[in-house]
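Enquirer: Going down the list, the sequences are from chains A and B.
Residues in the first sequence are numbered consecutively from 0, following numbering that gives the first Met the number 0.
Residues in the second sequence are numbered consecutively from 0, following numbering that gives the first Met the number 0.
It is worth saying that the hints were derived from the structure and are not from the lab.
Cβ coordinates follow ideal geometry from the N, Cα and C atoms, glycine included.
Honestly, I wouldn't trust all of these hints.
[Said to hold, decoys possible] Below, a list of computed lysine-lysine pairs in the BS3-like style, where the Cα atoms sit at most 30 Å apart: (1) B:K126 with A:K108; (2) B:K49 with A:K258; (3) A:K126 with B:K215; (4) A:K49 with B:K258; (5) A:K240 with B:K215; (6) B:K49 with A:K126; (7) A:K215 with B:K240; (8) A:K44 with A:K258; (9) A:K263 with B:K126; (10) B:K126 with A:K215; (11) B:K215 with A:K263; (12) B:K215 with A:K108; (13) A:K38 with A:K49; (14) B:K108 with A:K126; (15) A:K215 with B:K215; (16) B:K258 with A:K215.
[Said to hold, decoys possible] Output of the computed footprint for chain B on chain A, the stretches with three or more beta carbons under 8 Å from beta carbons of chain B: (17) 76-89; (18) 130-141; (19) 157-171; (20) 215-224.
2 protein chains.
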Amino acid sequence: MKWCRFSTGGPISYGIIESATGGDTITEVEGTPFDSYKKTSNTYKLDAVKLEVPVIPPTFYAAGINYPEHVTWAAQMRGEEPVLPQQADVGYRAINALVPDGHDIIVPKDATEMLQYEGELVAVIGKTCRNVTEEQALGYVLGFTIGNDVSERTWQRNDRTMWRAKNTDTFKPMGPWIVTGLNPDDLHVVIRVNDKIVGEYDAATAIFGVRTFISKMSQYLTLVPGDVLWMGTDGATENMKDGDVCAISINDIGTLTNKVNWQK
Amino acid sequence: MKWCRFSTGGPISYGIIESATGGDTITEVEGTPFDSYKKTSNTYKLDAVKLEVPVIPPTFYAAGINYPEHVTWAAQMRGEEPVLPQQADVGYRAINALVPDGHDIIVPKDATEMLQYEGELVAVIGKTCRNVTEEQALGYVLGFTIGNDVSERTWQRNDRTMWRAKNTDTFKPMGPWIVTGLNPDDLHVVIRVNDKIVGEYDAATAIFGVRTFISKMSQYLTLVPGDVLWMGTDGATENMKDGDVCAISINDIGTLTNKVNWQK
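Okay, chain A solo, but in the shape it has when bound (with noise of 0.2 Å):
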């Protein structure tokens, strides 16, 4: 099942997502996923409608450096020996930085060159949550998305937290949907810069799974419907600059796409 966020010019909608010859069409819902819902009779063109951010989380959490080929890269960056993460220790973005698919990532002028992508699995929470196992965690998520943790380095290596870093506005895209039933353990990413490969990997190559992860940090605080768990990034990453478009795909997910715009 295929669940977005989207509008027509008014009010913001969920929808269901479905095939259909001549193309894909949205059902609006009344409700959320998270919750009860009821489809309606309205029916939308996928292509007609704006897709919207696919949940605002009430927290926003990802797990930061949970790959080890990028863990080596980024302590190369840093003229140091890599050390991988001991245990799920996991950070945290802000909602203001939160754009949907197609939505430009805007750069503030001052910005230096070091303007990177991240391509990332996204797990959505489907059930508040609290003490649960391994086992049990997959249960507790709705469905997965992808998301572009983009990154100014300069910040990132010389502020003393990563808010400008990581949560300018509109450094967070997320979406296009949400999917539901996938095994996060079938899914590879695929990153694309103007059409180009720039990196690809296995989601299960992580560190630290979907599944650790939601365990470990239930036994300490309550995963709620709607918060979203950014899963990180494999591989080195590259500079974008004014007019690159970042295309990130998961197979059965589809694309995140965005394009650098860098404000004169």
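Knowing the structure of chain A, use the given hints to seat chain B on it.
Expert: Frame of chain A, contents of chain B only:
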């Protein structure tokens, strides 16, 4: 004006607290202080309702190390030279951890004895705000409340992020209400454990004040109604043990009181 969120067994509403002969009363409103609202004819005795967290923020910002004596003390604890922050880099806390005035701070069994309070002034954003000057900043603040940035120092030192050190469920008491029309430079924070004063400071001695943070943040991100900005604490902090009652008072706001409940 004094805004609260409260319930009487049913749904949660915003209310306006007013002094009256025989004790404070709450007038229930339709709507929110961030939007349009209307007083209803429902009034309650303040001591007959359950106060809730006064706002659930879209994004939960925290200044972190922002007072000179606290920076010096924290550096001494780590055996390092104190380094004052050079710019207003904001951090984050998490929604799951928020609890209202009067709610227990529930400490997981595996926490170490290094469980400490941090009494803080909290600014609540009232209007959408982007690219504002320091002079304009307070015009975007609805009012002020009180926060206790409860911290497990062993986890804070050893984990890669502060997720469980500062964001374990119940580790972020906030309240009891929001007071409008205050000048943050006039506010004095007093922290008591079991009625003994363990710390006090003037909010104005912050390294970066409310105006500076809001102006700087707004150069990169959009602050929205309900966002909260916790301003950090000053001085040394001490361990709390099971049954301790921590009370943080700020003149012209009130007192936030929470008891430590250590899981057996």
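Enquirer: Broken hints, numbered, in rising order?
Expert: Violated hints (numbers, rising): 2, 3, 4, 10, 15 and 18; every other hint is consistent with the structure.
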